[in-house]
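*Asks:* Taken in sequence, the protein lines are chains A and B.
To convert, count from 1 in the first sequence and add 388; that's the working numbering.
To convert, count from 1 in the second sequence and add 23; that's the working numbering.
Bear in mind the hints are in silico, worked out from the structure with no lab data behind them.
A few of these clues could be false.
Claimed, not checked - Pairwise CB distance ranges, derived in the manner of DEER restraints:
#1 A:G631 x B:I128: 24 to 34 Å
#2 A:G601 x B:V187: 54 to 64 Å
#3 A:N481 x B:M213: 33 to 43 Å
#4 B:I128 x A:G601: 35 to 45 Å
#5 B:S129 x A:L512: 21 to 31 Å
#6 A:G631 x B:I390: 41 to 51 Å
Stated by the list, open to error - DMTMM-like mimics (lysine to aspartate or glutamate), calculated; alpha carbons at most 20 Å apart, straight line:
#7 B:K448 x A:E694
#8 A:K489 x A:E473
#9 B:K65 x A:D494
#10 A:K489 x A:D474
#11 B:K377 x A:D681
#12 B:K305 x B:D282
#13 B:K415 x A:E725
#14 B:K393 x A:E694
#15 B:K393 x A:D681
#16 B:K223 x A:E769
#17 B:K73 x A:D494
#18 B:K218 x A:D770
#19 B:K293 x B:D316
#20 B:K383 x A:D646
By construction, the Cβ of each residue, glycine as well, lies at the ideal position given by its N, Cα and C atoms.
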Amino acid sequence: MNNKNSNLDILVIGAGISGIEASLMLSKSDRKVHLVERTSYTGGTAIKFEEVFSNMECSTCMIAPIQQELLQNKNINLLTLAEVEDVKGSFGNFTVKIHKKARYVDMVNCIGCNACFEPCPISLENEFEEGLSKRKAIYVPCAGALPNVPMIDTKNCLRFNGKECKSCQEACMFEAIDFNQKDEQIELKVGAIIVATGFSTFDIKNTPQYGYGKIDYVYTAFEFERLYASNGPTEGKILLKDGKTPKSAAIIHCVGRDEKGYCSSVCCLYSLKFNHYLTTKIPEIKIFEFYTDLCIPGKSHQKFYEKMRDTGTKLIRTSDIEVIKQGPGIAIKYYDESSKKNSIAVDMVILAPAIVPNEDASKLAKILGITIGDYGFFKEEDQNVSSVVTSKPGVFIVGCSQGPKNIQDSVCQAGAAVGKILSS
Amino acid sequence: MDRKIGVYICECGPNIAEKIDIDEVIESVSSLDDVAVVERYKLLCSEDGKKFLVEQIKKSDITHLVIAACSPREHQQTFMEVCENAGINPYLFQLANIREQCAWISDDKDAATKKAIRLTKAAIGRVRYHTSLEKKQIESNSDVLIIGGGIAGIEASLQLASPVRKIYLVEKTSSLGGMITNFEKTFPDMQPSSKILQQKIENVNKNSNIKVFTDSEVKEILGFFGNFEVKVEKKTEENDIVNFDVGAVVLATGSTLFDPKIIPEYGYRKFDNVITALEFEKMNSSGKILLKDGKTPKSAAIIHCVGRDKKGYCSEICCMYSIKFARYLKEKIPDIEVSNFYSDMSIPGKSHQKFYEQTKENNVYFIRAKDIEITKKLEQLDVNYKDEKDNKNNLVVDMVILSPALEPTSDTSKLAEFTRVSQGKGGFFAEEHEKLRPVSTSTEGVYIAGCAQGPKNISDTIIQAEAVSGKILSSLIPGKKIEPEVKTSYISESFCTGCKTCLSVCSYGAITFDEDKKVSVVNEVICRGCGNCVAACPSGAASIKHFKFRQIYQEILEAVK
Numbered sequence: 389m390n391n392k393n394s395n396l397d398i399l400v401i402g403a404g405i406s407g408i409e410a411s412l413m414l415s416k417s418d419r420k421v422h423l424v425e426r427t428s429y430t431g432g433t434a435i436k437f438e439e440v441f442s443n444m445e446c447s448t449c450m451i452a453p454i455q456q457e458l459l460q461n462k463n464i465n466l467l468t469l470a471e472v473e474d475v476k477g478s479f480g481n482f483t484v485k486i487h488k489k490a491r492y493v494d495m496v497n498c499i500g501c502n503a504c505f506e507p508c509p510i511s512l513e514n515e516f517e518e519g520l521s522k523r524k525a526i527y528v529p530c531a532g533a534l535p536n537v538p539m540i541d542t543k544n545c546l547r548f549n550g551k552e553c554k555s556c557q558e559a560c561m562f563e564a565i566d567f568n569q570k571d572e573q574i575e576l577k578v579g580a581i582i583v584a585t586g587f588s589t590f591d592i593k594n595t596p597q598y599g600y601g602k603i604d605y606v607y608t609a610f611e612f613e614r615l616y617a618s619n620g621p622t623e624g625k626i627l628l629k630d631g632k633t634p635k636s637a638a639i640i641h642c643v644g645r646d647e648k649g650y651c652s653s654v655c656c657l658y659s660l661k662f663n664h665y666l667t668t669k670i671p672e673i674k675i676f677e678f679y680t681d682l683c684i685p686g687k688s689h690q691k692f693y694e695k696m697r698d699t700g701t702k703l704i705r706t707s708d709i710e711v712i713k714q715g716p717g718i719a720i721k722y723y724d725e726s727s728k729k730n731s732i733a734v735d736m737v738i739l740a741p742a743i744v745p746n747e748d749a750s751k752l753a754k755i756l757g758i759t760i761g762d763y764g765f766f767k768e769e770d771q772n773v774s775s776v777v778t779s780k781p782g783v784f785i786v787g788c789s790q791g792p793k794n795i796q797d798s799v800c801q802a803g804a805a806v807g808k809i810l811s812s
Numbered sequence: 024m025d026r027k028i029g030v031y032i033c034e035c036g037p038n039i040a041e042k043i044d045i046d047e048v049i050e051s052v053s054s055l056d057d058v059a060v061v062e063r064y065k066l067l068c069s070e071d072g073k074k075f076l077v078e079q080i081k082k083s084d085i086t087h088l089v090i091a092a093c094s095p096r097e098h099q100q101t102f103m104e105v106c107e108n109a110g111i112n113p114y115l116f117q118l119a120n121i122r123e124q125c126a127w128i129s130d131d132k133d134a135a136t137k138k139a140i141r142l143t144k145a146a147i148g149r150v151r152y153h154t155s156l157e158k159k160q161i162e163s164n165s166d167v168l169i170i171g172g173g174i175a176g177i178e179a180s181l182q183l184a185s186p187v188r189k190i191y192l193v194e195k196t197s198s199l200g201g202m203i204t205n206f207e208k209t210f211p212d213m214q215p216s217s218k219i220l221q222q223k224i225e226n227v228n229k230n231s232n233i234k235v236f237t238d239s240e241v242k243e244i245l246g247f248f249g250n251f252e253v254k255v256e257k258k259t260e261e262n263d264i265v266n267f268d269v270g271a272v273v274l275a276t277g278s279t280l281f282d283p284k285i286i287p288e289y290g291y292r293k294f295d296n297v298i299t300a301l302e303f304e305k306m307n308s309s310g311k312i313l314l315k316d317g318k319t320p321k322s323a324a325i326i327h328c329v330g331r332d333k334k335g336y337c338s339e340i341c342c343m344y345s346i347k348f349a350r351y352l353k354e355k356i357p358d359i360e361v362s363n364f365y366s367d368m369s370i371p372g373k374s375h376q377k378f379y380e381q382t383k384e385n386n387v388y389f390i391r392a393k394d395i396e397i398t399k400k401l402e403q404l405d406v407n408y409k410d411e412k413d414n415k416n417n418l419v420v421d422m423v424i425l426s427p428a429l430e431p432t433s434d435t436s437k438l439a440e441f442t443r444v445s446q447g448k449g450g451f452f453a454e455e456h457e458k459l460r461p462v463s464t465s466t467e468g469v470y471i472a473g474c475a476q477g478p479k480n481i482s483d484t485i486i487q488a489e490a491v492s493g494k495i496l497s498s499l500i501p502g503k504k505i506e507p508e509v510k511t512s513y514i515s516e517s518f519c520t521g522c523k524t525c526l527s528v529c530s531y532g533a534i535t536f537d538e539d540k541k542v543s544v545v546n547e548v549i550c551r552g553c554g555n556c557v558a559a560c561p562s563g564a565a566s567i568k569h570f571k572f573r574q575i576y577q578e579i580l581e582a583v584k
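With the rest of the complex left out, here is chain B (with noise of 0.2 Å):
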């Protein structure tokens, strides 16, 4: 079929037709190759101009369509429905913007004229090549695989179970409720922790949407959004292998603490007494705070920031728990002297610095310190540390307990190989958007939710739990099928040199490696058309679909004719 060229200048009132001569315009691109007519109207963008395009398009039987106007961001989306509803492909479709980059930026209108022109002819260059696209649509399972059964994971699974998604919830220890449940209470309103955890549980366990695997780890994550195959290994005598299929996963695997050995200047694991937060809260949940010797301590220290310059971040929730352990040792031992070191408190948020300030009334000291030191002093151990005039200063106390830093779990380097994830900033899953997409990343159906996103407290970890369920809720509706985006890349299996270039700069592990072609493929359901293979291709086999070197280069070419 012959193409048939469809150009019309839009006046936008005054906008253009003022600033552009739109009749010099016409004149010269009328006598192009297959443009077929050409026309100017008042306003395009309106409900008449619409029916107009639809009423010329069918009239003409146009098959291309050029329309020089306003920015792409503005009416984009307006003109390919008119395309769609005058039945031609909306991808057979360029716009020419001339009104932001001519006709507002000159008043010089022979100048604003001939770059409108060179605009214009650039899109008429450039929709010869275009060719139709379709929307695809894939079938798509809604069940959910989430990993980790802490409280993120916990409560992503009660928030997305129903009768139409099937939930898999996998933990590789030999029960639910992860770090919490080491805790006796949660600041700042020192509710027992019990309270958080406890029902919640229960309410997993009776689900019968939600299929719990304790003592189990994931093995393997095949697929994409909509369609992951994931097998899961439990850990009996028989180590039975599990196989399902889900349209989305969830890392939900927490955090862990830094080695506090790692530091020696800390005597952690060399003086008795010296005992991490998490050691300090299973101590407190025992319900006996004692030393080594079995005695009560009557001085203790607790150590904010263990291992925060080594880690390069805040942990942000330390502070505050150092100072719910000043609250543990003064309810267990009334007269206990406690004393914080810190470096810069970090409470923020409208709930912390109340109990901050409470604590304090309480008797507790509160020490600003840096280049701490603990040594052995006969029975008790000797804190010593510079002040916050750089002074040498000491404190003796029978008991210290250092607040390490949070870091990611041992299995999140494995995860993040089977989900093709990557490990951001502290070695943390990695979210898509630093800003609008934090539970998400870069593989589509793939979400972080809680401390395998970064250090947070529990009310954070419960919201981001719930934010991921908020994004499959509203994403892989049972049912419904899923659109993947149109403008993908292709890779030519005539040119492809097998380098695998292309396999390193994707980063949504679209591409795969064909070992018996030796050639690399891409698969159009993950790819997202962002186009880094394509500028990384040596021979030029990648392209991109509406991005074509055809239809770019001939785009070019006119503009600078």
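Chain A extracted, bound-state conformation (with noise of 0.2 Å):
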């Protein structure tokens, strides 16, 4: 990518932690990186954690200051709402077509004060929340959202749908509301291509005998992380729908792992993770894990287990797990290690379901003219050279959407390629 007619500004797909990363880097050597965010913030999916494993660092403080730091980033040109509909051309010289949709709040004069949701006639479930509360037509998905600039859903929003409405615009001291924004289409000129767009969970819903759905108070990992945290719907309160408190537990590991055909790397420890945000809530609690082979590898994971372990948490190894309804709670039923069957009665039922390409992948990688491997993440050309290193010269494929890992592992190939742009 040397030669003179090189393209030196890089693309960046996804603004969660590897995307944010990647971009941070390549700024500070001089390049210009547009990044290029589908939501309406940064920070994906490690912002709705409120903690992270193994030293329980607070998530949104780990990483506010690079979503800050990337804010004020003069390099770094930040296109949230933004997809890639097209890419033509090859390493050095990349023309790309983007769909920025109109956020109909000016960024500029937006000062993020939300004195416009509170007038928005219209509540609908935050998906960021898990639907587990509410939202406006007119919103920020969680507070501390960043950028801290609401959005309006168009969809749902009484004026684009016919109605007069204005409420929010009267609201608003900054004329920072504006509905006659339009979508753009942005062409770009890029040398390379850094594809950072994470993953999606495993649809619970395929594996009926875990309850989700038909029992309440069986969660997904993610309900349960947004129970936890602290600008989560209960303000870090872990109450069941109900508003009662759970006195027992169980987290059940492993779920979709069959279906799927691999180990998510991640689900044992943050499975661990949550035993410990649940016995720092509600201290006399009584957990059970419910997992098949403990996957905790790495020098810093063993003695966070351990910690756990001597919480009183219940282990029990099983692969063969039925979660139903008894009286008002819920009842596990279950084969132990010495294939007998047993059955225990909790409050409260998380799961922990794999980690799984997001749905668009295979269409981005078609734009991309990259492969999609075995498993619907996208493909490295081969491992043992450097699992970055697409099948197409110039683009890259970085965290989760390149396969199921934990963060520091995401950093890393956010470094490695930038590592490659930079040496190439």
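Since each chain sits alone in its own frame, please combine them into the complex, following the hints.
*Replies:* As structure tokens, then:
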């Protein structure tokens, strides 16, 4: 990429932790970065967590400084609500077409005071909070979202559905709300592309034995993360849907592992983290962890596990579980290690689902001209050459879009892609 | 020159104006010493607001600026830039947060106003004692020292070497390649490991920008990011010493195996045909898997997790290479009976489960076991264990392969000392931050890659080497000067009693002891301004720029008065 005609600018797709890390590193070497993010906010999945394993550091406190650095960085052009629609060209000279949806709120004028939310008459389930709380048709996903500028959900906003409402505009003192904003088609010229689009989780409805959706008080890992989050729907109080505090809980690992055919590498650890969440807020709670094989690789994790184990949590190895309703509570039926049938009663169940590729991974792969591997993640050319290099020169894959991994490994891959770009 | 403090209060539209009586704030601070101007403005962070501030500062010859507005997180940077544009030093500025800390947290206008007055007075009290701070720039060398000629060191060398960046690759053995040279194949694709290595080693050797030192050891590393001085000893007959300068150091010293002799129950070195993973790799690479007496084994046991409990961590790769061993055995001796004894199958990631399942289908047994003890039974070995149901059981085999934990190499502590990098969990080099800075260390300009940082597979090792390259390529640019931290600490020569407390608390190795004067001295290029030394100093000799005792004291005094 060293020839004179190469474009030195870089496109990064996805403003999660990998995308932010890659963008900041590139900007330090005076590269211009276009960071395209599909949602209205930065930080990706990791900002949904209250704490991260294994040192239980506050996740938003860890990420907010780099989000802030990103927003203030003059070498980074952040495009939110934007998606890549077309890519032409080759390493050194890509032409990228981006569709950027209108936010209907001016990024410069808005100061993030949130005065526009209250008067909005529409109330909807907040997707960021896994539907555990409500939002308006003009909203930010959670307190502390960055950029701290709301967006209008045009699917549900009265004004965009033929009504005359302009309550949010009237409440705004900064003339930040602009109903006339239009979607934009942006064309960019870049030399290389880093794909950091993250992951999705296994749809638990495919495993009805866990009772999700049928039994109240059966939660997914993400729902539970938001229940514990201090900026979440309960402001960090672990409460069941009826407002009661659970006295016992079961955490079930490996949900969907058999269906997917791989170990998602982070679930054991975050399940142990959940154990910590529960005992921190409800010291007397009884916890059962159902697992198959405990996968806690690396130098930092065993001690974390031992600490959790010593809190009195019951670890049960089983691969055959059924969650059923029993009176007002829940019964978990399972076979223990001696193949004996067994059952326990709990107030709450948390399911740890497998990490799966994003729904539109294959569509994006097609646009980028890269390959999809066996399980639907972007495919590296050869993992023993470099797991960030794809079959298409100049397009690099990092983080969970390449395969399930923890934050540390995602950040390493982001750095590796930058290394590849800056050395070529 | 007299101080002329300009105080500007932002209305933030209705956000502050409606919740705080701004006129009362103005009235309470107008008559304070040195306060030359107090004004309110509708939105100071807007383009008009910034222009207004620059004009005000110039017009009234303001020397120090106080802004009462939002959180520093939001606009500290904005207003520091305003200072620069108006020609005053950006550190002669203080922001009072009267929005998040007053207006937005109370409906009691009176109380919010009172607090806003206190915070604004505190900022005025503080800014009075601010001094100008200047950014420093230092020249830097962009060459790199890489210690360890395994796959991590090779990968980093190839990626970093260029006509403007010379690489010094130091390897303690006589050849490049490291641990992988022992492996015939790598998991999960069972490709020959030579496929990974050979071409790369050739590329290193023919790259004129990489200087390779084999049979060599690093003897000394002095200096700091951008300016390290290195001494390397080449173990020839004359023991040549070579000196050179670099800007960054990469620790890629790999790992070694836990010694199974430490756990006598495994019978290693007590019984023939109990061998370690590395011995088995070598035997397999030689082409023949044989027992000590030259016969072909008819059965083998592979024991996972050897030393895991002792070390206190899972070594991440043993399950996978143990499964690979089963493949080696089946490939070379198709009718051999192979049993893997494991505790928890740790095969994370998208490419590993399939490898395990395919191996299982090939009549390899996997037995979950604990309390393993190897004894001798005639010419054979007896693996005694407790199964999942806690029942005692045993299996007689011809050969036992032990898969020991990975541990840091013997030179880790010496290099940690040279580079002032600490040894973290398991004795491996500690990264600067577990999540966000996994290949950086607390010593700026010293990076870690591969198993030196912690147990990992080849793919992740290569990624870390490339990540280190990314770090270096983006921070150590030929011809570009380095800008160290501005708010560094300072130790007063006259107050320092020479107790050396500060040396023990400095995480960055920024403090040295001047033996002649018997005082501690801060290297301002290395100091990151964490303040540890200031907090620990019993004689008040250490202070940190922009957080001096006087500045903080005045701020508190005004806040509580």
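*Asks:* Confirm or reject each hint.
*Replies:* Here is what the structure says about each hint:
1. A:G631 x B:I128: 24 to 34 Å: holds, 26 Å
2. A:G601 x B:V187: 54 to 64 Å: holds, 60 Å
3. A:N481 x B:M213: 33 to 43 Å: Once the Cβ atoms are compared, 38 Å apart, the range 33 to 43 Å for B:M213 and A:N481 holds.
4. B:I128 x A:G601: 35 to 45 Å: holds, 39 Å
5. B:S129 x A:L512: 21 to 31 Å: The hint (21 to 31 Å, Cβ to Cβ) holds, given that B:S129 and A:L512 are roughly 30 Å apart.
6. A:G631 x B:I390: 41 to 51 Å: Taking Cβ atoms as reference, A:G631 and B:I390 lie about 48 Å apart, which means the hint holds.
7. B:K448 x A:E694: holds, 14 Å
8. A:K489 x A:E473: holds, 12 Å
9. B:K65 x A:D494: holds, 18 Å
10. A:K489 x A:D474: With Cα atoms ~16 Å apart, A:K489 and A:D474 stay inside 20 Å; holds.
11. B:K377 x A:D681: holds, 16 Å
12. B:K305 x B:D282: Satisfied, since the Cα-Cα distance of roughly 17 Å is no more than 20 Å.
13. B:K415 x A:E725: holds, 15 Å
14. B:K393 x A:E694: holds, 17 Å
15. B:K393 x A:D681: holds, 14 Å
16. B:K223 x A:E769: Between B:K223 and A:E769 the Cα gap is close to 17 Å, so the pair holds against 20 Å.
17. B:K73 x A:D494: holds, 19 Å
18. B:K218 x A:D770: The hint holds at about 11 Å.
19. B:K293 x B:D316: Between B:K293 and B:D316 the Cα gap is close to 16 Å, so the pair holds against 20 Å.
20. B:K383 x A:D646: holds, 15 Å
Figure legend: structure checked against the earlier numbered hints; every hint is met.
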